[in-house]
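Between the sequences and the hints, there should be enough to build the whole structure, so can you do that?
Chains A, B and C are the protein sequences, given in the same order. All residue numbers for the first sequence refer to my numbering, where the first residue is 26 and numbers rise by one. All residue numbers for the second sequence refer to my numbering, where the first residue is 10 and numbers rise by one. All residue numbers for the third sequence refer to my numbering, where the first residue is 2 and numbers rise by one.
In short, the hints are calculated from the structure, not lab data. Treat the hints with caution; some may be incorrect.
What the hints assert, rightly or not - Cross-link-like lysine-lysine pairs, in silico, PhoX-like; alpha carbons within 25 angstroms at most:
1) A/K131 to C/K196
2) A/K130 to C/K309
3) A/K130 to A/K210
4) C/K309 to A/K131
5) B/K160 to B/K366
6) A/K130 to C/K196
7) B/K357 to B/K51
To be verified - Rough simulated footprint, nothing fancy, chain C against chain A, three-plus residues with beta-carbon under 8 angstroms:
8) 146-153
9) 267-273
10) 306-312
What the hints assert, rightly or not - If you only want the chain A side, here are some residues facing chain B, beta carbon under 10 angstroms, derived:
11) P31
12) G36
13) L248
14) G253
15) A299
Even for Gly, the Cβ is constructed at its ideal location relative to N, Cα and C.
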Amino acid sequence: MSHILPHLLNGLSLGLLFALIALGFMLIVSVMEVINLSHGSLFALGAYFALVVIDPDFAWLGSFGEAYRALPLPARYGLAFLIAPALVAVVGMGLEVCMRRTYGKKAEYGLLLTFGAALVIEETIRVLWGPSEQYLQVPRDISGAFLFGGLIYSKYKLYAALFAAIAIGLVWLFLERTPYGAIIKAGAHDSEMVRALGINLTRLRLLVFGLGAGLAGFAGIVLTPIWGLRPHVGIDAVIPAFLIIVLGGIGSFSGAVTGGILVGLAVGITGAYASDWSLLSMYLLLIAVVTVRARGLFGKKSVLEA
Amino acid sequence: MPRMKLTRRSLLKGAGLLSAGTAVTFMGPWRHNRVYAAASDKPILIGLTSDASGQYANSGASDRRGMLMAIAEFNDRGGVLGRMVETLHVDTETTPATGSRAAERLISRNECAFLIGAVSSGVANAISQVAQKYGTVYLNTNSSSPTESGKNCHRVKFVWDGNGTNFAQAAVKNAINAYGTKWMLMTNDYVWGHNTSAATRTLVEQYGGEITDEILVPQGTRDFSAMLLKVQQGSPQVVAAAVGGDDQKAMRQQVAELGLGESMAWINNQQDWPDVYGLPLENLFGVFGTTWYWKLDLPGVAEFVQRYQAAYPDTRMRVPGNVFYNGYMATRELLSAVERAGSTNNRKVIQELEGLKVSAQDRMQHHDAWMNPATHQMQQTIYLATANSGTGDADDMFRMLSQSSPEEIRDTGADAACMMESLDETPSYEM
Amino acid sequence: MAPRQSFAGRWVPGEMALLFVLMATLPLWIGPVGLYQYLGIEIAIWMIYGLGYNLLLGYSGLPSFGHGAFFGIGAYAFGLFQLRVFESLWLGMVCAVVAAAVAGAFVACFLSHRRGIYFALLTIAFGQVFWFVSIKWHAVTGGEDGLLNIPRPALELGVISPALSTNADFFYFVLFVLAVVTVLLWRLVHSPFGKVLQAIRQNEERARFVGYNVWLFKWAAFTLSAAIAGLAGSLFSMAQQSAYPDVMSLHASGIIVMMTLIGGGFVSFWGPVIGVAVYFVARDVLGTLTETWLLWFGLVFVLAVIFKPEGIAGAWQEFTGAKGRHALARRAMAGLISAGRK
Chain A
26 MSHILPHLLN GLSLGLLFAL IALGFMLIVS VMEVINLSHG SLFALGAYFA
76 LVVIDPDFAW LGSFGEAYRA LPLPARYGLA FLIAPALVAV VGMGLEVCMR
126 RTYGKKAEYG LLLTFGAALV IEETIRVLWG PSEQYLQVPR DISGAFLFGG
176 LIYSKYKLYA ALFAAIAIGL VWLFLERTPY GAIIKAGAHD SEMVRALGIN
226 LTRLRLLVFG LGAGLAGFAG IVLTPIWGLR PHVGIDAVIP AFLIIVLGGI
276 GSFSGAVTGG ILVGLAVGIT GAYASDWSLL SMYLLLIAVV TVRARGLFGK
326 KSVLEA
Chain B
10 MPRMKLTRRS LLKGAGLLSA GTAVTFMGPW RHNRVYAAAS DKPILIGLTS
60 DASGQYANSG ASDRRGMLMA IAEFNDRGGV LGRMVETLHV DTETTPATGS
110 RAAERLISRN ECAFLIGAVS SGVANAISQV AQKYGTVYLN TNSSSPTESG
160 KNCHRVKFVW DGNGTNFAQA AVKNAINAYG TKWMLMTNDY VWGHNTSAAT
210 RTLVEQYGGE ITDEILVPQG TRDFSAMLLK VQQGSPQVVA AAVGGDDQKA
260 MRQQVAELGL GESMAWINNQ QDWPDVYGLP LENLFGVFGT TWYWKLDLPG
310 VAEFVQRYQA AYPDTRMRVP GNVFYNGYMA TRELLSAVER AGSTNNRKVI
360 QELEGLKVSA QDRMQHHDAW MNPATHQMQQ TIYLATANSG TGDADDMFRM
410 LSQSSPEEIR DTGADAACMM ESLDETPSYE M
Chain C
2 MAPRQSFAGR WVPGEMALLF VLMATLPLWI GPVGLYQYLG IEIAIWMIYG
52 LGYNLLLGYS GLPSFGHGAF FGIGAYAFGL FQLRVFESLW LGMVCAVVAA
102 AVAGAFVACF LSHRRGIYFA LLTIAFGQVF WFVSIKWHAV TGGEDGLLNI
152 PRPALELGVI SPALSTNADF FYFVLFVLAV VTVLLWRLVH SPFGKVLQAI
202 RQNEERARFV GYNVWLFKWA AFTLSAAIAG LAGSLFSMAQ QSAYPDVMSL
252 HASGIIVMMT LIGGGFVSFW GPVIGVAVYF VARDVLGTLT ETWLLWFGLV
302 FVLAVIFKPE GIAGAWQEFT GAKGRHALAR RAMAGLISAG RK
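The structure is reproduced here in C-alpha cells:
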C-alpha cells in the first residue's frame, strides 16, 4: 500500500492537469457544438506568447523594454499568466468570426475549419519562433524538488496542479454563480432557447470561444515547464482533451473534471506498474466507458447527434 | 531564411535544366547499365532528403546546412570533375511513407545522381529501399539506429553517424567501474529503443553488472512522473536511458526538475546538438555520447567553426554541432569519392566509398576513421560528454569526458546482421 | 455528381469515362507536365481510398476520423501475407480486404448506434488504438520501422503472369482496380442500398420510422468502406514495397477527410477523386517551392471551408448551374417514405 500511494497522489495531480487541458475544449463544444481541433495549437500559442511576455526581445521597445526586462522573474511570469491567455483569447475570437459562415450547416464544417486553423497556427508558430525546442523560465520559488516519504517530487508539478485546481474552481464559479454562466449552461442544452430568451447569441459565441481559447492558452503555459515546448506540442494536448470530453460526457462540467482525473489516475498507475501500456490506458478506459454509457459519464443529449 | 532562398534558387536551376531538354523524359524503370550522355558541363544534381517538418525538422535543417556548406566549398573550387553541383530539396516530413515518395520523385523525375540526408531511421529505411531499387547512392547522415548498418543495410546506403551500440560500448564499462553494478533501463517502446537497450544489457552483463528493472516508455509519453517515481523506488546506481525524440526532451526536463540527474548516474544515448542548443544546462543531465564537438582541441576545428559562421551569419545556432558535422562530412566524402572515381558511375562511387579511409586530421577527430565495407557504417571516434557548468560561454555546453577509438567501440553484431545486395544486383547508372 | 437522372442509372457516365481516359493516358503526359509516374500510382490508390471513404462521409453522413487504421491494416495484412505465408497477388489482396473488413465490422459494432460527434470521436479513439498497436506489436508489424522489403508479386492470370515491377506496369494494374471500384461504387450509391444511406444522412430518425434497420445499414456501410480502405492499403504496400504505421496516425486520417472535403465529397460522387488529385499535385509542387507549404495549404483549406464548403465539385456545379445532390436526396427520401408505406 505504501508503494502505491505515491502513484495515486501522482495520478491525481496528473488528473487535475488533464482536466485543465480539457476545460476550454469543454466550454466550446458544449455551447458552440464545435469540436475545436485547433485547441492544441491554441495551447501551444499560449506558451509561445508567454515566452514573449517573459522575455520580450524587441528593439522598438527601447528603454521601456530594458526596464521591463529588469523586473524580477516572478513579476513577469505573473504578467504572462494574464497577458498570454488574453492574447490567445483574441486569436480565438478571430477564429470564431471566421466560423460564422459555418453555423447552421453540418457540424463537420466546424470541425474541418478548426482542423485547418490548427495547421495554420502551428505552421505560423514554426515560421515565427523556429522549429527548435524552447524553454519557458519558471521562478525559482515554484520549481525544483521536495522530499516526501523518502521520494523526490517535483515542486512545480504541485504548483501546476494547484493552478489547475484554481482555474477549474474559477470556471465553476463563473458557470454557477454569474448570469453569463447561466446563459452558457442554457446554451449547452438548447441554443434555440437562448435565442428565444432574447439573448445576443453572436456575442455569447464570441465570448465563449474567447474564453475557451484563453483557457487553452493558460493550460499551455502551465504544462510547458513539464512537457517542453515545440511547435507541434499541440497534438499532445488536443487528443487527451477530446478523449476526456467524450469520457465525461459532452456539455458537462463535472464530467470533464471527473474524466480528467480518471485519465490521470489511469495513466499514473499504469505508468508505474505496466508503463508500456500507460498511453493506451486512456483509450481503453474510453472504450470501456462509452460501451456501457453511450454519452459518457455525465453526458446529456447533444444537438450534434442529430 | 537564407536556407529557403537557397532551396528555391536551386529548384529554379533544376527546373531550367529539365526544360532545356538535356534530360530524357522518364518513361519507365531504370534499365541496367544506362549511361546518360552527360555533357561535361552538365551539373551534378543531388537530392536532399532531410526532414523540414515533423519531429526532426530542427535537426533536419542543421543536417541540410552541413550538406550545403560542403557543396558550396566544392563549387567555389570549380565543382566536381569540372561540373557544378546543384541541389534539390524535398521535405520528407519525418514520415517514412513520404520519404519513399520523395525518393521516387528525386530519382525518377529529377534524375538526381545521389541522395543525402536522414535523421529518423524509419525515413532512412524507406529512402534506402527505393534507392536500392534504382541503384542510387544514398547517404544516411544522422540516423543512429543500429539496424541501419545491420538488418536494414543496403549496397547503396552509407551510414555516417555512430549508432546506439557504439555509444553503449563507449559508456558501459567505464560507468560500471565508476558508479556501480546495479543498473536500470529506461527504454522507448519501439524498435530503436529496444535495440539500444538490448546492446546495453548485453554489455552490462558482460562486465559483471546486473539489470534490476527495465521500464518501457511508450512513444509519445509526455509525463514521466510515474516512471521516475518507479526509478526512485528501485534506487539503482545507474540508469541507462534509450529514450529519443520529443519523449527525450520532455523526460530530461522532468529529470532536471527533480534533480535526479545528481542523485543517480544517468547514461544517455547521443544528444544531438540541435536538440539541446540554447536550453539550460540542467537539461543536459548525466553522461551522453557525441561524434564531434565544436571545441575539440584539434587542428582545423576553430577554422571550421569560422567557416560555418561566415556561411550562416543569421542562424540562431551560433556554432555547428554533430548533426551539421555529419551532414558536412558525408557530403564532402561523397564528392571526393566522385572525384577519385573520375565519374559519377554509381558502382565506381560505391567502391570508392567502401574503401574510404579518412585521417584523423581530415575528420577533425582524435582517431583515423574508415568505412566498414561489410556494413557501410563509418567507423569513427566516439566521445562521451557531460554538461559543462561554470563557463561564461553559453555556447560551450559540453565538457568532454573521454574518447574511444573506432576499434574499441565497434558494433560487432552488425557484420553478422547485415546481408547486403551484391554490386551486380545493384542497377548501375551514370549521370 | 450533378446527377441528371439519366446519368445516374448508367454504368459508365460521362464523368467516369473522362476519369478513365485521363488516367489511362497518364503515363504519356505525366512526365511532360513535370510530374512522375510514381505520383500517378499514389494518386490512383488514394482515389480508391477516397471513394470508399466518401461512402461514409458524403453518402451516409458519418464522419470517420480514424479511417487510416483500415488503410494501414490492409497494407500490413498484404505485407505479412507475402512475407510470412507465400507470394501471391490475389490472395494477398483478398487477405488485406478481409482483414480490414473484419476490423471494420468489429469497430462498426461499437459505432453504428452512434451519431454525429460521438461517432466522430469514437472513430478517433479506435483509430488511435490501431495505430498504437501497429507501433507496439513489433514482432508482427516491425514497429515504427514498419514492414520492409514487401515483394510486389507478378500478376497471376492463369496462363501468363506478367511482372508488375516497373512503376508504369504497376500503375495500369492499380488503374484496373480503380476502375472496378469506381463502377461498383457508382452502382452501389445508385442502388436502393445507396438511397437508404442517403436517407440516413438526411434524417436518421425518419429513416428508422419508415422501417429501415438503420443500425444494419450503418454497420454495412462502415464495413464496406473499411474493406475498400484495406484494398487501397494493399496496393499502397505494393507501391512502397513497405508498410508503415504513420498512414494510421490521426494526422493521416485527417488528411483523407480534408482531401474528400476539398474536392466536394458532400455534394458529388467525384469529390474525393478531385480532392486527391489536387492535394497530391499541390503538395508535390508547393513542397519543393517552400518549406512552409503546409501553411499555405492550410490557409487555402480554411478559406475553402469558409467560402466554398461544397468544395471544388460544388463550385463547378454552381458554375454549370447543376442542382446538386440535395435535390436528389430529397427525392430519394420521398421515394423511400412512399415505399415504406406500401
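Hint check:
The straight-line distance between the Cα atoms of A/K131 and C/K196 is roughly 20 angstroms, inside the 25 angstroms bound, and the hint therefore holds. Simply put, A/K130 and C/K309 have alpha-carbon atoms about 12 angstroms apart, close enough for the 25 angstroms limit, and the pair holds. At most 25 angstroms may separate the alpha-carbon atoms for a hinted pair to count; A/K130 and A/K210 meet this at roughly 22 angstroms. Restraint check for C/K309 and A/K131: the C-alpha separation of about 13 angstroms stays at or below 25 angstroms, so the hint holds.
Distance check on the hinted pair: B/K160 and B/K366 sit about 24 angstroms apart at the alpha-carbon level, within 25 angstroms; holds. A C-alpha spacing of about 22 angstroms is found between A/K130 and C/K196, which places the hinted pair at or below 25 angstroms, so the restraint holds. Taking the CA atoms of B/K357 and B/K51, the gap is near 19 angstroms; set against the 25 angstroms cutoff, the hint holds. With a threshold of 8 angstroms between beta carbons, the proposed coverage of the segment 146-153 of chain A by chain C holds, since 4 of its residues qualify and at least three are required.
Under the rule that three or more residues need a Cβ within less than 8 angstroms of chain C, the assignment of the segment 267-273 of chain A holds, with 4 such residues. Residue count for the segment 306-312 of chain A with a Cβ under 8 angstroms from a Cβ of chain C: 4. That meets the three needed, and the coverage hint holds. Given the 10 angstroms rule on beta carbons, the hint for A/P31 holds: about 5 angstroms separates it from the nearest Cβ of chain B. Evaluation of the A/G36 hint against chain B yields a held restraint, the C-beta minimum of about 7 angstroms falling below 10 angstroms.
Because the closest C-beta pair between A/L248 and chain B is about 8 angstroms apart, less than 10 angstroms, the hint holds. This hint holds: A/G253 has a C-beta 5 angstroms from the nearest C-beta of chain B, less than the 10 angstroms allowed. Hint status for A/A299: holds, given a least beta-carbon distance of 9 angstroms to chain B, under 10 angstroms.
Checked against the numbered hints listed earlier, the structure breaks none of them; every hint is satisfied.
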